[in-house]
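Novice: Listed below, chain by chain, are the residues.
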Amino acid sequence: MALSRPENVLILGSGALKIGEAGEFDYSGSQAIKAIKEEGIRTVLINPNIATIQTSDGMADEIYLLPVNPEFVEEVIKKEHIDSILLSFGGQTALNCGIELQRSGILDKYGVKVLGTPVKSIMDTEDRQLFYERLNEIGVKCARSRACYSPLKVRDAAKDIGYPVMLRGAFALGGLGSAIVNSEEELDRIIDKIFSMVPQVLVEESLRGFKEIEYEVVLDSYGNGITVCNMENLDPIGVHTGESIVVAPSQTLNNHEYHMLREIALKTIKHLGIIGECNIQYALNPDSDDYRVIEVNARLSRSSALASKASGYPLAYIAAKLALGYNLTELPNRITHRTKAFFEPALDYCVVKIPRWDLEKFAKVEKTIGSSMKSVGEVMAIGRDFLEALQKALRMIGVGVEGLEGETMRLVDYKEAISNANPYRIFAIANALRNGISIEQIYEWSRIDRWFLEQINRVIYYEKLIENSRELSRDLLLDLKKAGFSDNQIARLSRTSPDRISGLREEYDIHPVRRQIDTLAAEYEADTNYLYLSYDSQEDEAITGDKPKVLILGSGVYRIGSSVEFDWSCVNTIERVKELGYETILINNNPETVSTDFDVCDRLVFDEISLETVMEVVRLEKPAGVIISVGGQVANNLATSLAERGVKILGTHKFSLLCDSLNIEQPIWMEYTGREDIDEIIEKVGFPLLIRPSYVLSGSAMRVVRSRESLITYLERAALVSREYPVVISHYEVGAKEIEIDAVAKEGEILVWAISEHIENAGVHSGDATLVLPPQRLYLETIRRIKIISRRLARALKISGPFNIQFLAKDNNLKVIECNLRASRSMPFVSKATGVNYIKIATSVMLGDRIPPIENRALDLDYVAVKAAQFSFRRLAGADPVLGVEMASTGEVGCLGDDINEALLKSMISTGFTIPESSVLFSVGLESDKSALLEYVFMLVKEGFKIYATSGTAEYFRRYGIESETVYKLSENSSPSVVDIIKEGKVDLVVNIPSDYGFQEQMDGYVIRRAAIDYGVSLITNLQLIKALISAIVRYRHNEISLKPLPVSSYRKRQSN
Amino acid sequence: MNRTAKITLEDGTIYSGVSFGYECNAGGEIVFNTGMTGYVETLSDPSYRGQILVLTYPLIGNYGVPAETLHTGLPHPYESPAMQIQGLIVSRYEDKYSHFAAEKSLREWLVESKVPAIMRVDTRSLTKRIREKGTMISEISIEGVSVHKEDVDMRRVVSLVSKSGIYEYNGDRSMGKRVMLIDCGVKHNIIRSLLKRGVDIVRVPYDFDFSSDDMDCSGILISNGPGDPKDLPQLVKNISFAIKNKKAVFGICLGHQLIALATDGDTYKMRYGHRSQNQPVKSVIENQSFITSQNHGYAVRRDRLPKDFFEWFINVNDETNEGIRHKRLRVMSVQFHPEAFPGPVDAGVLFDEFVDML
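Protein chains in written order, with my numbering: chain A, 1 to 1057; chain B, 10001 to 10358.
Read the hints as simulated data drawn from the structure, not as lab findings. Computed from a predicted model, the values in this text were never measured in an experiment. Ideal Cβ placement from N, Cα and C applies to all residues, glycine included. Watch out, some of these pointers could steer you wrong.
[What the hints assert, rightly or not] From the structure, some residues in chain A lie toward chain B, with a derived Cβ separation under 8 Å: (1) H256; (2) R262; (3) D287; (4) Y326; (5) L331; (6) T368; (7) R515.
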């Protein structure tokens, strides 16, 4: 095969971050763009995810913030004269879109060549039956399975194969619609729901108790193949690999098993005709060498991002080069610069990945984990010892533990907590061991390999050692550090203060050194600055230069409320710091990020973002300053402690917000310190009340209460867990608009700012709200006052750097509700929407660089940008998909349009919303909301929409002359029921605007909302949003607006004309 | 219980740790291997005879040591009947192993085999030292221990690992092809690889004079083994004779170096050799590349290749020679290990090629 020289390459992105498809695809897409672009080939990207690095200026030659679906892709293919397309860098979204493009003949029609793995091979891996047949051809064992297209067939197949069986949806990202089913009753309960999500369900033999092993495979078009990394899941088969604790390389496989699976991997991948990168997953019998292939992902995946960071091998970059036809043996190893890409990394450390779940954020959600993904992020820890890496990782996920600690969970029913996987299983195991339950017993319950259980048991051994020693000797302390104990953890165990432990380390001279990840276990010298901290040696391996150094703290684990947008800020900060002539050092531990790529910063320390490790890195690096304000809350929270220890923080780090003295209005608030405050609070603040627990208590949610009883109930529970931290209670404003300003100031003077308004009224978390920039419905007076207040705050706080203020506006009356002196979630949105890179300006400010005057045009753009939230409720079985004061979205998109209608529709479609064509269901709680909707329902009726409504709503509509078909709620026990018509696909859109009265109403609403989610029907639960949407939809139907496929550059050009 | 121990390199550098194997002192050439699994196969590979081995993967012992299962009289998955190394150095030794096939711990196997071992050594720094200074004579010493393991005379090391006597093995589904295997310390999987392909084997010691008696073999395989090929002049002469007699000849590792010497080529000692499971090699003449398992400290000189041979394979990383092939005759040899064990099995196809030649 000759090297292919395409002219215009289209790269499909993965859209918004969602459970099962997260930041890893920003990493893979960005690397692909770099790899193609450096060949002098023009790159075009489609991805509506405005928070990503790949949609930044300077990446692809042309960027389209559009939904990744065949309609829009076809438009772009036409417009950009695309001759080649990459499908494997944008997750399942891009892959599925590619399959559709091929099936519908669009690729052939425009003569577009698929680079890398051909669509035929992708289809062979995606259709379970085809996959099974293809593997059979070469005698590779696949789990016994049958593809079924109806619930009846599934029942038959399950009976034949024998319960328990595994059900898997075909063409599903992250195992959506997968489940292990133990009986026919269980099957009946879920089978309809699965078929609503996928057209085909695979029934497989259950391989419970088998080990789960993965290999990342790279193949070029000349038949050269390698396995870059293998990984072993601590959790056996049954727990999705994205939900498992994973270790690389495998720990319990001998040579025979390791290389048997490696050989099968290469044989299988060659047979399937994959070119580039893919992943193969196995089940391996723990009592023999019997195996099954579980699946092949013919694309970059979450696992490949992990493997790439774990091994130092730039998988996505290489995969893109191979797609162009390069030979593996001629591409250089980008880490060593001495060797070639055709080799298999040898690790001399081990890596542990742990997912982070945010299940506490979701009411009613199923708390166990299994074959579908629920986690929202992950961390990777590196150590020379498994236990060390495991304990580091447990700290990194940010759930408030200092390692494999005991106090986090007091459990009696160990059997329950260990047999069924859940986010706290690892702690339950440690506690069970502490309580004398045997390894054998835990193995029986969990089927986690005894080797891992023995490793967990070492923690208990060390705990006893500490307990039994009168003082910490140097040897013991060093052993503890090598086993991954943090100073805080040791302090707790030895009942002393963390400062005493760090003092002791100072006295004994126990400090970590930086060790290289060099891909070759030191066999050859490597010019790499990919590092981790280790106590295993005294030889520091960092290669440092003469330039002054700046340390940047990264985002750490992605969680709800903090994800790729902070990685975007980090990457842009690093770029700017570099431009200003500094050496950049980043600490981060999230394998899904671009900031941790091999070519982003000068030195990457892949380790914890904690006071202890940051201080150690500062000790080693002696940076001129540390930037803590671009990585989100975790990094920002370290500011005070670092400053106290004499570390120079770049930018502002003041936290007292004294609005009162500035004469700026805030919602009335008080601190709750004890029961005696209750009466005063009720009297002064007044219901409804918004209660915010202290941020240190991860998992405890904010809450709105409307009665004395619920206030007391809630406070008693909160007070129990946090005596030292007061709870802040403020008046919960109803019916107010919410407005944000993102800005950068220098010594208190604002340099650049942008104001966005929320479509939803206050009460919806700002991370879940739909943002419009520039604001379309604000009085000039309001804008003027926002500017004045912001200016006053910036001056009072002497802000130097990025900040964000959130306001409530009611009747032209403004109140400040939040002020964050750091990069905000919306910073990439405003930067890309306006074409002004806020974070780079902020970085220049922090480093004291001169800033040329910036023309602020954020208010008079000739187009409108809308940012919409992406929810992942479908993944979270049972979760109530209603919006409130706690953030629930997992990602975001941002699209541009001529007006708000166009931009809004584009963004909503990008999040998976389907424009309704013929029918809408309304179920509206409050009279006032019903009344507010009338005019809009009329518009739909005029358009010929069929309206369904629940009884109360239907009755209300009838009174005003709107005919609708009445459907019945759960409690009404009458037919047709709401759930039935949703299930039968009779409605295109469900509008449920909940009231919050009464338990029964809540339950009825919950059932409706959940049915919409479970059966894949678009759901809107907010009054302002549905109003805006209906207006837009009607205009769209009248061709008053169109969804133009324009690149970002063409909007920007308008602006400069 | 665990005594402190240290390893002293020829250049005077000392790395300390804790003894976990047999309690004796030992000396030998220190080398490192970067494989992440396969310590049972590695430690029983006769090519390590006389050497102190550093494993760079930091967690060793996880899956224990399996029982021997006999296949055609050869213990499986061992590569020879015994542990071959002079001493072992690791970072973390994991005594609590877990594997269905394990019957004992690595520590127990070391003690049985009377091989000393040190754990808790900064193996990465040690490896870098070896990389920079080259392989060195080194000494393991355990605190309070005076017993010393017998030194290995590297000039006659092959005589220690080559099995004396002549043994015949019948191929799995014998097809009448017979190969004489010159045992310079052969790894069992070379034998298994041929038997699996239906070839009968006559295994003879390294000093067997096959120039006078070919025992009805149509081909000769010269095995891997420890030490410097130049210490085996008689064997070189015998090989040269066999080639002149137009025998089909296949050399692996030491066998490859011997063939080069037998045909006017030359060999040299590498600074620290190749010992790992991830060595990329590519064919110079055709589109064929393998990830290979390797274990060698000597190599064939590229600038003095034997005439009538072409270069077959080179190492993708450092471009050293990895194989040669005769332009007309049925003679070929490779520096890497197509039999794997430990390591990737990609290059196993070369046995097919050899069998086809017979």
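Novice: Interface hint check: H256 of chain A, Cβ to nearest Cβ on chain B, cutoff 8 Å. Holds or violated?
Specialist: For H256 of chain A, the interface hint holds, since the closest Cβ of chain B sits about 6 Å away, which is under 8 Å.
Novice: Let's test the interface hint: is any C-beta of chain B closer than 8 Å to that of D287 of chain A?
Specialist: Holds: closest Cβ of chain B sits about 5 Å from D287 of chain A, inside 8 Å.
Novice: Verify the interface restraint on R262 of chain A: the C-beta must sit less than 8 Å from at least one C-beta of chain B.
Specialist: holds (6 Å)
Novice: For the hint on T368 of chain A, does the least C-beta distance to chain B fall short of 8 Å?
Specialist: violated (26 Å)
Novice: Holds or violated: is there a CB of chain B closer than 8 Å to the CB of R515 of chain A?
Specialist: holds (7 Å)
Novice: For the hint on Y326 of chain A, just tell me whether its beta-carbon gets within less than 8 Å of chain B.
Specialist: violated (13 Å)
Novice: Going by Cβ atoms only, is L331 of chain A closer than 8 Å to chain B?
Specialist: Since chain B brings no Cβ nearer than about 10 Å to L331 of chain A, farther than 8 Å, the hint is violated.
Hint check: violations occur at hints 4, 5, 6; the rest are consistent with the structure.
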